[in-house]
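Chains as they are written, first to last, in the working numbering: chain A, 7 to 587; chain B, 112 to 582.
Read the hints as simulated data drawn from the structure, not as lab findings. Predicted, not measured: the structure shown is a model, and the values here were computed from it. Using N, Cα and C, we set each Cβ at its ideal position, and we do this for glycine too. A couple of the hints might just be wrong.
To be verified - Computed far set for chain A versus chain B, every beta-carbon distance over 12 Å:
hint : residue
1    : Leu104
2    : Glu134
3    : Leu215
4    : Pro259
5    : Gly315
6    : Ala327
7    : Arg544
8    : Glu559
9    : Gln566
To be verified - Some, not all, of what chain B presents toward chain A, calculated at C-beta under 10 Å:
hint : residue
10   : Asn396
11   : Glu516
12   : Gln576
What follows is the residue order along each chain.
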Amino acid sequence: MDGDEDINPFRTEDDVSPPIDESANSDSNAAGEEEEPETATQSAKTSLTISPMPTTNKPFPSPYKAAFPAAPKNEPCCTRDMWLHSGEDVEILIVDALKTSEGSSSSYIVYVIRTGNVEARRRYSEFESLRNSLVKLYPTLIIPPIPVKQSIGEYAVKQNKAKEDAAMIARRKRMLQVFLNRVAKHPILSNEHVFHRFLDRDVSWSEVLHSPPLSQLPKNSLKAPAHDPADSSYAAVYAAIPTPSAAQPLRRPDQRFLDSEAFTNKFQNHLSGTMEKITRRSMKRWSDYSHDNSELGAALNGFSLTETGALANAMEKTGQAVDATYMSTARLLQELEQTWYEPLQEYTQFASIIKKLLTYRHQKHLQYELTQELLDNKRESLEELERNESEAKRLDSALTGSLHVDTATAARRASSDAEAEARESSQEPEAEEEGESPFPSGSVTRATPPPAARKRAGGFGLLNTLSHSIQGIMDVDPEAARRNSISKTREQISQLEDALQASAQDLRYASQTIQADLDRFQRQKVADLRDMCLSLARTHREWCKQNMEAWQEAKTAVDQMEPHPNRPGSPVATRPPAPAA
Amino acid sequence: MDADSDFQSVHWDSTPAVEEDAQLGFTPADSRPATATSPGFRTDYETTADDSDPTVPKWDGYLAVQVTDPVKELEGTKDMYISYAVKSQTNLPFFPQQSMNVRRRFQDFVFLWQHLSQDFAACVVPPIPSKHRAEYVTGDRFSPVFVEKRRLDLQRFVQRVANNPTLCRSTLLRSFLDSSEWSVSMHQQTAHPPDPEGKTSFFDTVTDTLVNSFSRIRKADERFIEMKEGIDRFEEGMGSVDRLWSRARARENDLSGDYHDLAVAVQGLGFLESGITEQLNHFANTLLEYSSLIKHNVNRTQDPFLSHLHSLQSYTAVSRGLLKLRDQKQLDFEDTAEYLSNAQQERDRLAAIRDGHPGQRAGGISGVGGYLRERVDALRGLDDDRARVERMRKLDVKIKDLQAEVKKVQDVSEAFNDETLREQAIFQASKQSEMKEMLGKVADGNIEMYQQAIEEWDAIIPMLQRIRVDV
Numbered sequence: 007m008d009g010d011e012d013i014n015p016f017r018t019e020d021d022v023s024p025p026i027d028e029s030a031n032s033d034s035n036a037a038g039e040e041e042e043p044e045t046a047t048q049s050a051k052t053s054l055t056i057s058p059m060p061t062t063n064k065p066f067p068s069p070y071k072a073a074f075p076a077a078p079k080n081e082p083c084c085t086r087d088m089w090l091h092s093g094e095d096v097e098i099l100i101v102d103a104l105k106t107s108e109g110s111s112s113s114y115i116v117y118v119i120r121t122g123n124v125e126a127r128r129r130y131s132e133f134e135s136l137r138n139s140l141v142k143l144y145p146t147l148i149i150p151p152i153p154v155k156q157s158i159g160e161y162a163v164k165q166n167k168a169k170e171d172a173a174m175i176a177r178r179k180r181m182l183q184v185f186l187n188r189v190a191k192h193p194i195l196s197n198e199h200v201f202h203r204f205l206d207r208d209v210s211w212s213e214v215l216h217s218p219p220l221s222q223l224p225k226n227s228l229k230a231p232a233h234d235p236a237d238s239s240y241a242a243v244y245a246a247i248p249t250p251s252a253a254q255p256l257r258r259p260d261q262r263f264l265d266s267e268a269f270t271n272k273f274q275n276h277l278s279g280t281m282e283k284i285t286r287r288s289m290k291r292w293s294d295y296s297h298d299n300s301e302l303g304a305a306l307n308g309f310s311l312t313e314t315g316a317l318a319n320a321m322e323k324t325g326q327a328v329d330a331t332y333m334s335t336a337r338l339l340q341e342l343e344q345t346w347y348e349p350l351q352e353y354t355q356f357a358s359i360i361k362k363l364l365t366y367r368h369q370k371h372l373q374y375e376l377t378q379e380l381l382d383n384k385r386e387s388l389e390e391l392e393r394n395e396s397e398a399k400r401l402d403s404a405l406t407g408s409l410h411v412d413t414a415t416a417a418r419r420a421s422s423d424a425e426a427e428a429r430e431s432s433q434e435p436e437a438e439e440e441g442e443s444p445f446p447s448g449s450v451t452r453a454t455p456p457p458a459a460r461k462r463a464g465g466f467g468l469l470n471t472l473s474h475s476i477q478g479i480m481d482v483d484p485e486a487a488r489r490n491s492i493s494k495t496r497e498q499i500s501q502l503e504d505a506l507q508a509s510a511q512d513l514r515y516a517s518q519t520i521q522a523d524l525d526r527f528q529r530q531k532v533a534d535l536r537d538m539c540l541s542l543a544r545t546h547r548e549w550c551k552q553n554m555e556a557w558q559e560a561k562t563a564v565d566q567m568e569p570h571p572n573r574p575g576s577p578v579a580t581r582p583p584a585p586a587a
Numbered sequence: 112m113d114a115d116s117d118f119q120s121v122h123w124d125s126t127p128a129v130e131e132d133a134q135l136g137f138t139p140a141d142s143r144p145a146t147a148t149s150p151g152f153r154t155d156y157e158t159t160a161d162d163s164d165p166t167v168p169k170w171d172g173y174l175a176v177q178v179t180d181p182v183k184e185l186e187g188t189k190d191m192y193i194s195y196a197v198k199s200q201t202n203l204p205f206f207p208q209q210s211m212n213v214r215r216r217f218q219d220f221v222f223l224w225q226h227l228s229q230d231f232a233a234c235v236v237p238p239i240p241s242k243h244r245a246e247y248v249t250g251d252r253f254s255p256v257f258v259e260k261r262r263l264d265l266q267r268f269v270q271r272v273a274n275n276p277t278l279c280r281s282t283l284l285r286s287f288l289d290s291s292e293w294s295v296s297m298h299q300q301t302a303h304p305p306d307p308e309g310k311t312s313f314f315d316t317v318t319d320t321l322v323n324s325f326s327r328i329r330k331a332d333e334r335f336i337e338m339k340e341g342i343d344r345f346e347e348g349m350g351s352v353d354r355l356w357s358r359a360r361a362r363e364n365d366l367s368g369d370y371h372d373l374a375v376a377v378q379g380l381g382f383l384e385s386g387i388t389e390q391l392n393h394f395a396n397t398l399l400e401y402s403s404l405i406k407h408n409v410n411r412t413q414d415p416f417l418s419h420l421h422s423l424q425s426y427t428a429v430s431r432g433l434l435k436l437r438d439q440k441q442l443d444f445e446d447t448a449e450y451l452s453n454a455q456q457e458r459d460r461l462a463a464i465r466d467g468h469p470g471q472r473a474g475g476i477s478g479v480g481g482y483l484r485e486r487v488d489a490l491r492g493l494d495d496d497r498a499r500v501e502r503m504r505k506l507d508v509k510i511k512d513l514q515a516e517v518k519k520v521q522d523v524s525e526a527f528n529d530e531t532l533r534e535q536a537i538f539q540a541s542k543q544s545e546m547k548e549m550l551g552k553v554a555d556g557n558i559e560m561y562q563q564a565i566e567e568w569d570a571i572i573p574m575l576q577r578i579r580v581d582v
């Protein structure tokens, strides 16, 4: 699986130089420039005033393109990759859905995926697992949705189970194909070898699942670098970073992402609450209307049989026009479902995917803030310890220098020593109490710390208490204890500094990547909305055309009927009227 | 069965060449070739009425009536009413003018209808729209929608009257369409019911039936059975079309609402997507426009169609009523004939007794009655022979009367048959032309809607295409 690691643009970049390339930042728009101080060190910024990203009128800024020099890679990793990046407008097709029971006790449906001249067969659960894998591999990217497990297409006229199943399979087939093509068109995801192997006929999916990078993914995606969760070399660093709850508020939230979140919520509500509902309702209505027309057409045709001549013909043609409306409405309904309703559903799913993504970023941000606080606390206590230490040293040197032992001074020293110890001991147990957050911020809710963190913190705490009590009992040299704790704190600080750096990088990477992918998503959304509206318009136009033609034929037949004999243009009327009686 | 075949061949659409030939009347050429080819045979309608087949209707000219321009009269008073302009164009000889223009109110139409129904019992007098008491109570009878619907109904009513060549000759209709002293005519009409008018109405006042109307016709006439079945099928067809069409109409109405909501939703999406707000607003407008096109179609095409269909249904019901009346006339005849034959049998029996053949009795009720009468006569000690002669004399008179009566009733029945056939042909012509009008209007309305909708969609497509896409 080395090959696939090579092709990962994040990995190659970051492996070489862990700090994210600053060029990406300076290339990007004003927002990018402001961003620098944030990641530079600590608390600096976060008050970015970027317009809610999705709705800019200006040509979409592309920090994205700078962030990921979208990979015309040097060498394709496999033939699927070669095909996908052949430069032509390739489309992955799901050409068939077959019922099979291969390797299973019960039968299931496999979808035949055609990429170029290769056909792979995957079942729904494998799509699901591919998607989950991509979500884990790329926690900062918007991974396109796959159709939900239970079809909510309740609008469909349910006639029997089998038919319903067939409709569900056809629907899945369409939406899975959309999913694959969205991945294939994504500038980063399309390079993922895991994806390539999914498309490969000769690869067993379970094998892919059990080999790197998927096998190396950590259980908790927050305990791994955002740019490459499968890279376990950072495990030690991440061990020091807390895992916060998503519900915990940020101290310095990023306005951009707050706006994104608010927008996404509105978007989702509008789509699922309003648009989908109305669409479902009108589809139900169209379906009924189609049915009405089918019956009415039949009634008119039957009615025409009871008449003769031109009237019968006119009635029959009218019946045919109504029949044509029935047929065209059935087609309209199908188009409406595929080009309007399904994308709406997909975008509702997109919205919740984005919300998850924003939550992830929020947590990454929290991690950074919490690590920062942790570090500050440690530094403070180290300072305190060192102050005590230097005080002690000064006293020592004064004592040794003056040659006589001043009991008063000794007493004072002893008391200050005790003070310091009290401080120390009061601090450590607190850490133990509060789990992973050894700094005093009790007002905020804490998630349950991951086991590792608790163990470690608990370990320290226990050790400290122990050493204190031992010191207390045995009256060990307090100076040694203090030095011991100074070195321990220093160690922790250096650990936390590493963690903070990693976390800062992570946050920066996550923010940039998510922002970039949101920008990309926004462009994709505009394009899709355009296509949706266009196809809705075209479908209706086509529907109107077909119906109009049918009615024009009916009209011709009606016109062929003789008019009533009592009319001015009638033959008799052309004769001069008889003189009035 | 001559009349029958004539009736069956009456199809106004079957002779498209008729229009070309100014000499041809409305009688299909194949049914009356002799008269149809003789020029000028119809200049004088009196003679035409005599020499043509009574079962085939003829139109000697045209009478076109328009009901338009409803105006509120006495506005503001409690006697406010709506008057309508009734404009007629005709070339019929018995109308004093070719162009007539009067104003009439709903009551006048009702009066005309009532009296036409009384005077022309053998005609299919078109139904008058109902008074819609609900609207009178709620005061909605002056609402534009109601007035327009009533105007259309009244228009249909007068045009149907005008389409009936028999009713055209009514003097009442003439004064309705022409007279400036219509109220005088109304009084005259009420005070002095006119004499049976023209040859068609001499039997219209024939008294009602001698027997109960539950009797069944003994000798069913196939022509009328067929006619009745035709009406049954037509009513059935109209019924199912009405039901389904109304359902589809309701659905269209709902769809109009759905598209309105969708338009609002798309506009809402436009608020969210600030980059394409303008285009989405345009798209929402198109959806809104589409919604109102559907609504317009429902109001201006589907609703009038359904309302016309309902009107045609009641017209058909009147036509069915005439068939029932005809059956009644036949029953009258059959019952009178039976009465006559009973009297004749009785007389024959008496004659047989006198001739010494008392055993030759006609069976049945009269036989038993005759026997009882003999016994009663014997008890009273009357002279059998003298009594018998007396009774035979009476019977002879009765038979003579009855024969005259049977002749009369038969004439009535037969004339009624002819009249019915003719009225049916008239009704068929009206029905066909109304179906043509209905279907034509629906087709036109739909074509117009689709045409406009296509234009709307056509206009929005380039607008949407201009959305900048950068993927």
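Outcome of the hint check:
A cut-off of 12 Å between C-beta atoms confirms that Leu104 (chain A) is not in contact with chain B; the least separation is 33 Å. A cut-off of 12 Å between C-beta atoms confirms that Glu134 (chain A) is not in contact with chain B; the least separation is 26 Å. Remark: the non-interface label on Leu215 (chain A) is consistent with the geometry, its nearest Cβ contact in chain B lying 31 Å away (cut-off 12 Å). Distance to chain B confirms Pro259 (chain A) as a non-interface residue, since its nearest Cβ pair spans about 22 Å, more than 12 Å.
In this structure Gly315 (chain A) is not separated from chain B by more than 12 Å, as the shortest Cβ-Cβ distance comes to only about 5 Å. Some Cβ of chain B comes within 12 Å of the Cβ of Ala327 (chain A); the nearest lies about 7 Å off, and the non-interface call is violated. The claim that Arg544 (chain A) is not at the interface with chain B is violated, since a C-beta of that chain comes within 12 Å of its own (minimum 7 Å). For Glu559 (chain A), the shortest C-beta to C-beta distance to chain B comes to about 9 Å, within the 12 Å cut-off, and the non-interface label is violated.
Annotated as non-interface, Gln566 (chain A) brings its C-beta within 12 Å of a C-beta of chain B; the closest such distance is 8 Å. For Asn396 (chain B), the interface hint is violated, the least distance from its beta-carbon to any beta-carbon of chain A being 12 Å, above 10 Å. This hint is violated: Glu516 (chain B) has a C-beta 36 Å from the nearest C-beta of chain A, more than the 10 Å allowed. Taking 10 Å as the C-beta cut-off, the interface hint given for Gln576 (chain B) holds, the closest approach to chain A being about 7 Å.
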